[in-house]
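*Asks:* Sequence:
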Amino acid sequence: MGEPDGRTAGHAGRTTCFRRLDDLLGAAYLTDIDPYLIDDRYFGDRLQNDLRRPGRRVAEGEAYGYFYDLDYMRLECWLLVRLRRRNRSRWSGYAGLQAARIGFSRNGRYEKELYAGRASFGRSEPLRFTDWTVKAGVGYRFSPRHGLALDLACGRRAPLAGDAFVSPRYRNETVPGVGQERFLSGELGYRLDAGSVSLTLSLYGTLCSDGTQVRRYYDDLASVYSDMMLSQIGRLYAGAELGAEFRLASRLALRVAAAESRAVYRNDPAVVIRSDKDGHVISDRSRTLLRGLDLGGSPRRVAAAELRYEGAGMWTLSASAAYAGEHYVSPSPLYRMRRVWDRAASPEAVGTLTGQERFPGAATVGLFASKTFRLGARYLSLSGSVDNLFDDRRIVHSGYESMRLRKIGSGAGAGVEPFGSKYLYAYGRTCYLTLNFRF
26 MGEPDGRTAG HAGRTTCFRR LDDLLGAAYL TDIDPYLIDD RYFGDRLQND
76 LRRPGRRVAE GEAYGYFYDL DYMRLECWLL VRLRRRNRSR WSGYAGLQAA
126 RIGFSRNGRY EKELYAGRAS FGRSEPLRFT DWTVKAGVGY RFSPRHGLAL
176 DLACGRRAPL AGDAFVSPRY RNETVPGVGQ ERFLSGELGY RLDAGSVSLT
226 LSLYGTLCSD GTQVRRYYDD LASVYSDMML SQIGRLYAGA ELGAEFRLAS
276 RLALRVAAAE SRAVYRNDPA VVIRSDKDGH VISDRSRTLL RGLDLGGSPR
326 RVAAAELRYE GAGMWTLSAS AAYAGEHYVS PSPLYRMRRV WDRAASPEAV
376 GTLTGQERFP GAATVGLFAS KTFRLGARYL SLSGSVDNLF DDRRIVHSGY
426 ESMRLRKIGS GAGAGVEPFG SKYLYAYGRT CYLTLNFRF
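In this text, residue positions in the sequence shown follow the numbering used here: the first is 26, and each later residue adds one.
Hints in this document: simulated from the structure, not taken from any laboratory. Predicted model only: the values in this text are computed from it and were never measured. Backbone N, C-alpha and C define an ideal beta-carbon position, used for all residues, glycine too. A few of these clues could be false.
Said to hold, decoys possible - Capping the alpha-carbon separation at 30 Å, the derived lysine-lysine pairs in DSSO-like fashion look like this: (1) K302 with K447; (2) K432 with K447; (3) K302 with K396.
What the hints assert, rightly or not - Here are the computed distance ranges between Cβ atoms for each label pair: (4) R291 with G445: 49 to 57 Å; (5) A346 with S114: 40 to 48 Å; (6) C456 with T155: 43 to 51 Å; (7) D235 with E150: 37 to 45 Å; (8) Q257 with S286: 19 to 27 Å; (9) A219 with S117: 19 to 27 Å; (10) R82 with S410: 47 to 55 Å; (11) G386 with D48: 41 to 49 Å; (12) N292 with S410: 40 to 48 Å.
With these hints in hand, go ahead and build the complete structure from the sequences.
*Replies:* Here it is, written out as structure tokens:
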């Protein structure tokens with residue numbers, strides 16, 4: 026029989042975004058105009074950031090440039106039904122439904138002269154979406170110590186507010202055709218608890234389609250700040266995870282974990298590029314060839330092990346090691362468009378634009394120690410740890426390709442080549458000391 030559990034919840038919020046003048050650097054004031062439109066051959070006479078207060082003098086601490094609100098509302102409900110296991114039954118299961126009504130809008134507080142009227146001032150047309158997710162799962166116990174579980178889910182989810190507006194800093198226009206992303210996911214898990222050995226193994230996969238994203242950047246080919254709107258984005262996440270604990274003695278345990286994963290683009294997203302200045306189309310009905318490339322941001326292969334000793338006097342010592350490999354830079358959609366390839370300086374530059382850099386694998390060692398003191402009914406705990414014990418400062422934590430292009434040569438030999446990727450490095454040797462008092 027089933028045990029239903031249903032709830033309803035709702036919340037709303039507002040995010041206010043503006044630019045603030047912190048330092049005049051000795052000047053008396055700043056005039057609130059768009060400096061990029063000064064002497065512009067087409068729009069130089071429409072440079073007021075706030076047409077309702079033209080020529081406003083900005084003092085330190087005041088807002089200028091842009092000022093807008095993003096209002097958000099979410100009303101959701103969910104229902105979960107758990108299937109009771111009868112006496113000695115090996116089977117269990119559940120089914121659930123979650124639905125949400127989501128709405129957001131932009132409220133411009135400045136009327137930008139370049140986008141006069143409701144194009145920039147006041148509230149935009151509200152965007153409303155209905156999210157839903159259906160989940161179901163079933164479990165089977167071979168014995169009280171080990172069993173299998175299968176979980177499935179599918180649904181639709183709304184885009185982020187920042188990916189729904191073409192240029193939220195200045196105008197109310199929404200991305201044409203913005204819609205909801207669809208997803209389908211599943212996970213199969215096995216768990217074993219055999220006293221001295223505990224083990225968990227999981228296989229998972231998620232398919233996403235119809236995703237949207239907006240990238241804002243300076244387009245070096247068009248020589249203008251631009252909005253790149255990506256749609257029909259498909260992604261695949263799949264992998265396997267293993268975790269185990271081995272009790273080597275009553276107070277000594279070895280813990281290990283490993284994962285192998287893939288996170289790749291499933292297709293070539295559609296691209297529209299428009300000028301942020303006046304909205305004219307720079308590139309339309311284009312594609313960026315991302316199919317098969319890694320999404321970047323996390324390594325494909327990781328492994329970790331920890332040897333842990335828990336003493337009788339409420340003290341603990343442990344040593345750990347971790348490895349990460351098959352780590353790729355996050356790709357730039359601009360580099361994989363034909364309008365860029367056609368201007369590449371050489372075949373080698375094309376290879377650099379279309380290839381994907383892989384970071385070298387990395388390993389670290391860590392130490393941990395803690396001691397707990399009992400003070401009557403209270404406890405005082407002191408712990409310390411050292412991460413990256415050997416102080417390896419060459420470990421790349423993550424990285425991404427730039428959206429900028431470097432122009433080289435002139436005349437018939439003119440071309441473009443990519444800027445260098447941006448890297449974020451992991452901390453070197455890091456020490457922590459923590460004091461905790463519980464009462």
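*Asks:* For each hint, tell me whether it holds in the structure or not.
*Replies:* Here is how each hint holds up against the structure:
With a C-alpha separation of about 27 Å, the suggested pair K302 and K447 falls inside the 30 Å cut-off, and the hint holds. Pair hint K432 plus K447 holds up; C-alpha atoms about 19 Å apart against a cutoff of 30 Å. Distance hint between K302 and K396 is unfulfilled; the C-alpha atoms sit about 61 Å from each other, more than 30 Å. The supplied range of 49 to 57 Å is broken by R291 and G445, whose beta-carbon atoms lie about 28 Å from each other.
Between A346 and S114 the C-beta distance comes to about 42 Å, which sits within the given range of 40 to 48 Å. Distance hint check for C456 and T155: the Cβ-Cβ separation is about 50 Å, which falls inside the suggested range of 43 to 51 Å. The supplied range of 37 to 45 Å is broken by D235 and E150, whose beta-carbon atoms lie about 21 Å from each other. A hinted range of 19 to 27 Å for the beta carbons of Q257 and S286 is consistent with their spacing of about 24 Å.
Between A219 and S117, the C-beta spacing of about 21 Å keeps the proposed range 19 to 27 Å intact. The beta-carbon spacing between R82 and S410, approximately 54 Å, falls within the hinted interval of 47 to 55 Å. At roughly 45 Å, the beta-carbon separation of G386 and D48 lies within the given 41 to 49 Å, and the hint holds. The supplied range of 40 to 48 Å is met by N292 and S410, whose beta-carbon atoms lie about 44 Å from each other.
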